[in-house]
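Place chains E and V on chain R using the hints.
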Amino acid sequence: MTKVLTASNISVRYGGKVAVEDFSATVPFGRALAIAGANGAGKTSILGALAGLIPASGKVGLDENTLASSVAVRLQAGIRLVPEHGKIYPTLTVVENLIIGNRLRGDVTVDDVYQWFPQLAERRRTLGGNLSGGEQQMLAIGMAILGTPKVLLLDEPTLGLSVPVIRELVDKLSELRKALNLAVIVSESDVTWLPALTDSVIVLDRGTVITNFDNYSKDTLRRIENHMVGLETV
Amino acid sequence: MTQLQEKRITALQWLRIALIALAVIAPPFVFNGFLMSLAISGALLALAAMPLTLLTGTAGLLSLGHAAFFGIGGYAAGLLAHAFGIGLTLSILVGAAAGLLVGALVALATLRVVGIYLAVGTFALQFILQPIMQTIDVEVTYSTGFLLSSPSLLGFELSSPARWWYALVVLGVLLYAWLRWLQTSHVGHRWVVLKDNTTAAGVLGISLQKTRLGVFALTSAVTAGVGAISAYYYGNAQSGIYSLHLAILYLTIVALGGAGSLGGAIIAAFVMIALPPLIDSIVTYKGLVDPSRAGGIETITVGLILMFSLIVRNRESKRSSKDD
Amino acid sequence: MLSIEFWVNTLSSAGYYSLLALAIVFVYSTNRVLLFCVGEIGALAAFVTYSAHQALHAVELPLAASVSVLIALALVALIGAVLFWVIEQLGTNGSHFVGTIIAIAFALTLQGVMNTVWQGEIYRFEIAPVFLDLGESRVALLSLVVGVSGLALAAAAILLLNRSRIGYEMQALADNRVLSILRGIPVRRRIIAVGAFSGILAGIGGILGAAVTAISLESSTLGVNAIIAAIIGGLTSPAGAIAGAVLLAIVENLTTVYLDSRHVTLMPVLLLGVFLIFRPYGISGKAETVQRV
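Chains as they are written, first to last, in this note's numbering: chain R, 1 to 234; chain E, 1001 to 1324; chain V, 2001 to 2293.
FYI, nobody ran anything at the bench for these hints, they're computed from the structure.
Remember, it's a predicted structure, so these values are computed and weren't measured experimentally.
Treat the hints with care, as some may be off.
Only some residues are given here: those of chain V computed to face chain R with a beta carbon under 7 Å [stated by the list, open to error]:
| # | residue |
| --- | --- |
| 1 | Glu2060 |
| 2 | Tyr2168 |
| 3 | Ala2172 |
| 4 | Asn2176 |
| 5 | Leu2179 |
| 6 | Ile2181 |
| 7 | Gly2184 |
| 8 | Val2187 |
| 9 | Arg2188 |
Computed footprint of chain E on chain V, listed as stretches where at least three residues anywhere in the stretch have a Cβ under 8 Å from a Cβ of chain E [as the list claims (entries may be wrong)]:
| # | region |
| --- | --- |
| 10 | 2111–2123 |
| 11 | 2143–2154 |
| 12 | 2267–2276 |
Glycine is no exception: its CB is placed at the ideal position from the N, C-alpha and C atoms.
Just chain R, same shape as in the assembly (with noise of 0.2 Å):
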């Protein structure tokens, strides 16, 4: 039985404001999915009531089980989030960002991470605050794999990147996620990238789910452009 990850039904409300309206997805693990969307559509808001930080109504469950909607709990369910921003201490060192990474203790080591990461590896001692961009996301990336992850969820990975930089986080991504059998959720703005990240896409706008796609063919990025833009609708 393939391992999935479920989300049936999610919403999220600000207030009054619906941030989110009922969101589901089922991501088999070694898969990876992408939330497409214009800013404010909503793709940080899923990732976060994933990952059990923003209250949201809806469950998430992972193979038969629900998950509590606790940090903690998701947490020590495999389930990893990287933020759009903050997503590494500055004032600490690469090392540091590990050790505090390492809490949840699993398959995945420091040691592995070093591997994936040699750049991170020759830049033990460097204080977060001073890598390059590109460093910076594979640190956050090393941080939320440690332990035993299971599902990856990464918002926005490739904003302000070099070209060189996203192709060789892309191959870097791809590699884990095969090696560590992870479900991944990556949600863009920019469709670019989305073919070399991702297996499928959802298309996000204002907070409801305007179309998807199963695979990538020669026309789905630029429709999947128009959907954001309002130029198709479904």
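Below, chains E and V alone, put in the same frame as chain R:
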């Protein structure tokens, strides 16, 4: 809405107006000397609390200097009376001007840093003014403090408690009206914007800096003005009055009444003025506690009221933001 | 020329100020709360130590002095924990300075407690005065001990922060609360632990300060100087706290030597004023690296 419901709502409004009118008119007729002095003290506290609740509640700025500005007004009144024989009306204006100036200086000094530094600046102000006032006490009045007498406001002689009371009521209504008007105007809107942005670290935009300067100078001026009036009522201006304790008392009134609520500040002021004699009588009832320890218990009570007011009000705002 | 006595007095002041200032910096770094009650916590620790010692000495308990200190520190650790627990209850809703006002409320409440229990009494720890002859000066051994132990403890606390896992977690918490939640740090427990730890630092500072001055309600004004020291050092810098404490001790003692003793309270505040205008983020100059939720 049915006609019956409309009538009921108006009846409630009438009841409110009647109660307020009673509270305002009755005291000189029903209160004895002690209660009258308590009422007037409460009114003075309320007048000074109103600008602070605007500053802290609406504009989101924490100030520990309220006693200091109050003292600036008091000392302005004292010095003017002592050196030039100038009376109350002018003292209020000069005191307010002095308050405005000092307030502007403090705000300018802390303009470019995070909001907590305004609190620190006012804290420093308190500890700078205290020894200055003490020096003035020693040098000028030989430690008796300034003695102020025969106050008259714009020709109206404040020669009896009843006159004081009604004068303060009129001033209170005027101040309330003016501050409420400011609060609901575009100026007040800027203050709210300032509050929401004070949490941002680092430099505020120029216009927000101006807003911060403006609201702080304004509230300091009003506070100093009330300080001058208060000095004349008590007939004395002395450094011991204007302590950090007083500043914290004001903060407690603001917290109790709900930060940003002018009406709340007024009611809370009267509650807090009634507190010390109330505690005194409860605590020393049948010799339960030594009267000498009553002071400490009063202090504890104020501290606890401040704490619980904040906690309760915070829960309220959490709840209300959920049902937005 | 400044005498050895001057330097020993300065060392002594720096000793207890650095502990109090460090408590302020730890609290501010983690919570953006300015620990206005630091002086009161210190004074309370001194009072409790004294009274506990009186009581234990009367029943001839061995090591009465040490036990009294432990009792006092346990109490202030509890107070620090409660303070932070209360602040946590408020959550991140509302104004950013509500926590600071809670600290002010604690200050007032603790003052009231001390006033009620001990009233206006002034006590002194019964420590036999021992003097050392250093060159041409006679210096009090107590001052030396207070100074050296205060600074040593402060340095040790900073080392603990910089080298231990809990220390990293406290730094992480101060840096970014949301990320800390996401990476599994038990945020609430850690914050309350910071409260307890800071309470202990403030308590030791207060006891050391009272040892060389006096145990009285007045000694909570040491807190004012400690706040000044923390600010001129840079509110988010532990090393800055020590630097600020040293600078403040020097200024304070210079004032006593060259100026009127009346100005002893004024000079540190003027120093603060100068810093606020020209270098508000202190000696360390660490800009606010705040991440607000």
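_Numbers of unmet hints, in rising order_ = Going through the list in order, the structure violates hints 1, 8, 9, 11 and respects the others.
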